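Visitor: Given only the sequences and the hints, what does the whole structure look like? Please build it.
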Amino acid sequence: MTNWPKFGKPQFSNAHQITLRKRKQALRLFALLVMLLYTVFTLFPFYTLFVRSFVSTKDAAELHLWIPKADEVRLEQEVGNLSVFYNLDLTDMKKALGIPTTDFLMSRTTLREIAEEYNIPEEDIEEYFADFYTFNGWLTLLKGPEFWNALLRTLVITALSLVGIITLSIFTGYGLAGLKRKDQMFIYNIYLLQMVIPSMLILLPQYLLIQWIMRLIPGYDTQGPARWVLQLIGLVLINIKGTALSTMIFTSAIGAIPKDLEDSAMIDGTTHWQYLRHILLPLLKVPIVSLVVIQLPLIYNQFLEPYVYLDPGNTTLLPFIQSTVGQFSTNFQVIYAAIFASVVPLVLIYFMFRRFFVEGALAGAVKG
Amino acid sequence: MKKCKRLSKCQKRLVLTQYGFILPQLILFVGLTIVPFFVAIPILFTDMSRFNDPQINPVGFRNFTALFTDPSVQRDYLPALQRTVVFVVLNYSTVYIFGLSLALLMYEVGFRGGFFTIVYLPLMVSGLAVGYMAVMLFAKATGTANLLLLQLGLIRKAFDIYSPQGTAFILPLLVGWRYAGYNMAIFLSGLLSISEETIEAAVVDGANYLQRLWRIYFPQMIPSFIIATTMCLIGSFAVFDELVAMGALYVNPEAKLLSILFFTYGFQVERLALGMTLAVETFLPLVVLGIALQRLQRHLQY
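Protein chains in written order, with my numbering: chain A, 30 to 397; chain B, 17 to 318.
Among the clues, some could well be false.
[As the list claims (entries may be wrong)] Pairs of lysine to aspartate or glutamate, EDC-like flavour, derived with a Cα cap of 20 Å:
id, chain 1, residue 1, chain 2, residue 2
1, A, K172, A, D118
2, A, K87, A, D160
3, A, K87, A, D100
4, B, K25, A, D292
5, A, K124, A, D153
6, B, K173, A, E91
7, A, K124, A, E151
8, A, K288, A, D212
9, A, K98, A, D160
10, A, K172, A, D121
11, A, K53, B, E212
12, A, K87, A, D118
13, B, K156, A, E91
14, B, K28, A, E291
15, A, K124, A, E142
16, A, K123, A, E142
17, A, K53, B, E124
18, B, K28, A, D292
19, B, K156, A, D88
20, A, K314, A, E291
21, A, K123, A, E156
22, B, K28, A, D212
23, A, K123, A, E155
24, A, K87, A, E101
25, A, K51, B, E124
26, A, K87, A, E105
27, A, K124, A, E146
28, A, K98, A, E155
29, A, K123, A, E107
30, A, K53, B, E216
31, A, K124, A, E156
32, A, K123, A, E152
33, A, K53, B, D221
34, B, K156, B, D176
35, A, K123, A, E105
36, A, K123, A, E146
[As the list claims (entries may be wrong)] Which chain A residues stay away from chain B? Per the calculated CB distances, all over 12 Å, these:
id, residue
37, R50
38, K51
39, L111
40, G127
Don't read these hints as lab results, they were simulated from the structure. Treat the numbers as computed from the prediction; the structure is a model and nothing was measured. Beta carbons: idealized from backbone N, C-alpha and C, even for Gly.
Guide: As structure tokens, this is what we get:
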């Protein structure tokens with residue numbers, strides 16, 4: 030650094046160089062500090078969500094930066110309170126404590142009264158309620174099959190939608206790459222409309238149209254597997270209809286592959302399908318990965334469309350959480366557990382494949 | 017007919033095959049995005065109240081003028097419009113406060129994959145989760161951020177997510193938090209496309225940082241600005257999931273933005289045709305603006 034060439038670059042004095050270096054160091058320190066602060070800012074909500082899923086509603090008004098040691102459930106608690114505010118499953122409790130399931134418990138009955146009435150040792154009740162406040166949210170969420178079913182439906186829809194949009198977009202890209210530039214731009218412009226039409230604008234008419242079409246199919250009007258499958262197919266179709274980005278990614282990637290490759294393959298007698306499957310597909314790994322990392326969060330985190338198009342018993346994870354909330358609106362612990370559970374799968378995938386996500390983000394940003 | 021003659025039979029067949037590959041997705045796209053638009057047009061002139069309305073009567077332009085003449089519509093629409101505009105403005109500023117500043121920072125100290133990974137992480141979170149996080153952090157009595165800031169002595173009074181100001185400021189903060197990585201990527205790719213020679217020349221000529229920003233960086237990043245603006249505008253007007261999580265459909269009127277209004281008109285209060293008309297009146301100017309911005313961007317790129 031000290032030996033500048035005699036010409037070309039301007040001459041700086043030694044002192045000037047030192048201030049420059051100092052300034053650079055200060056800048057680096059400042060940048061590091063900002064990055065650190067912003068990292069804390071970014072991660073804080075995730076961490077809080079995790080902690081709050083273990084903080085019971087009665088402790089929520091205090092600050093908890095780690096999972097608190099919750100009180101034991103006192104025997105003076107009334108059953109009604111526990112079931113209203115903490116979603117205590119009375120049927121399950123009766124079974125576990127050996128109370129006849131046909132017996133009706135008044136909501137003002139305390140746990141101590143139950144112990145006396147049914148001759149249950151108080152230790153048994155205490156054992157049943159051990160850590161009840163801490164794990165209340167998770168237990169309520171994971172108790173029934175509904176959560177797992179919703180998660181399964183989400184994963185199936187996400188997988189089908191991703192495979193579908195990749196396949197169709199490769200077709201589109203392959204078809205467009207073979208057209209003249211004028212026709213190419215015409216069709217690409219149609220897809221560009223997707224970027225400027227807000228989903229809210231077409232939601233109502235789109236819903237109307239899909240209902241009209243679905244009604245024509247027998248079995249849609251009665252509750253049952255046929256209706257549910259049709260609804261899921263409808264949702265997948267909405268997800269794979271293609272976007273400006275998917276069209277652009279594959280058209281430019283396929284357009285960049287020399288035409289000679291296709292010509293020589295055709296001369297050797299391959300069909301379009303064989304060419305797509307065996308020659309083009311292996312060359313398109315990079316755009317496929319870009320599209321997956323951009324579409325995956327969008328499809329997995331979809332709320333509005335499944336909320337509108339799927340029956341409550343047939344829905345995906347997020348609408349399920351929303352309806353759970355409506356049911357348990359006083360028990361925020363369940364809500365935070367559910368939200369945390371919905372965030373975890375994608376965050377894990379993100380960290381496992383972070384390199385691809387970062388590359389995809391930058392590639393997507395260039396193309397808009 | 018002349019055109020056909022020039023194309024050989026083989027070429028014609030080839031073009032047909034190409035369209036065969038294009039059509040499946042194009043039919044889906046047009047059928048689900050553009051056809052609904054045209055299906056909606058006749059409905060705008062009726063009193064259709066819900067999706068399976070048995071009796072539909074034509075009402076002329078009443079739905080279109082309702083916004084200016086019907087006080088019950090105005091009572092719903094105007095506050096929602098006001099909240100939406102406030103949200104759009106504040107949300108648009110987070111594009112720069114988070115996205116642009118982080119991109120500039122990253123550009124000056126060199127690309128850091130680790131930091132990028134962290135900033136991009138919130139994009140994996142659903143809008144619904146963002147809404148619930150807002151409640152979790154800023155509910156008046158139980159918000160963790162509230163409790164923490166109070167204990168640190170940084171604020172005197174707790175924020176309230178359910179108050180008008182609370183919703184107005186906290187929602188853009190968290191939406192900005194979610195999209196920070198996305199906007200940073202847009203600006204960063206704009207910055208990385210600037211040729212280093214121009215920057216070096218400016219440095220040698222003695223331009224300070226602000227001068228470089230205004231005269232070198234920003235003019236060459238205009239496509240990035242346009243993309244970020246288009247995405248933010250369209251996205252902000254369509255914000256929905258976050259609001260649902262904040263209770264907009266039932267308990268929290270302060271979170272009733274326009275998207276929520278259209279949704280309730282269609283699915284809850286039996287004013288379907290009116291809701292569609294209001295949506296068209298609100299969004300059509302935006303679509304036109306969006307198309308204009310796209311044209312401008314393409315014009316600048318070639």
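Visitor: Next, verify each hint and record whether it holds.
Guide: Hints, one by one, checked against the model:
no. : hint             : result
1   : A:K172 to A:D118 : holds, 10 Å
2   : A:K87 to A:D160  : holds, 14 Å
3   : A:K87 to A:D100  : holds, 10 Å
4   : B:K25 to A:D292  : holds, 17 Å
5   : A:K124 to A:D153 : holds, 13 Å
6   : B:K173 to A:E91  : holds, 15 Å
7   : A:K124 to A:E151 : holds, 16 Å
8   : A:K288 to A:D212 : holds, 18 Å
9   : A:K98 to A:D160  : holds, 9 Å
10  : A:K172 to A:D121 : holds, 10 Å
11  : A:K53 to B:E212  : holds, 18 Å
12  : A:K87 to A:D118  : holds, 18 Å
13  : B:K156 to A:E91  : holds, 12 Å
14  : B:K28 to A:E291  : holds, 17 Å
15  : A:K124 to A:E142 : holds, 17 Å
16  : A:K123 to A:E142 : holds, 14 Å
17  : A:K53 to B:E124  : holds, 10 Å
18  : B:K28 to A:D292  : holds, 16 Å
19  : B:K156 to A:D88  : holds, 14 Å
20  : A:K314 to A:E291 : holds, 18 Å
21  : A:K123 to A:E156 : holds, 14 Å
22  : B:K28 to A:D212  : holds, 14 Å
23  : A:K123 to A:E155 : holds, 14 Å
24  : A:K87 to A:E101  : holds, 12 Å
25  : A:K51 to B:E124  : holds, 15 Å
26  : A:K87 to A:E105  : holds, 16 Å
27  : A:K124 to A:E146 : holds, 16 Å
28  : A:K98 to A:E155  : holds, 16 Å
29  : A:K123 to A:E107 : holds, 15 Å
30  : A:K53 to B:E216  : holds, 16 Å
31  : A:K124 to A:E156 : holds, 14 Å
32  : A:K123 to A:E152 : holds, 16 Å
33  : A:K53 to B:D221  : holds, 18 Å
34  : B:K156 to B:D176 : holds, 4 Å
35  : A:K123 to A:E105 : holds, 18 Å
36  : A:K123 to A:E146 : holds, 13 Å
37  : R50              : holds, 15 Å
38  : K51              : holds, 16 Å
39  : L111             : holds, 20 Å
40  : G127             : holds, 37 Å
When the structure is compared with the earlier hints, no violation turns up for any of them.
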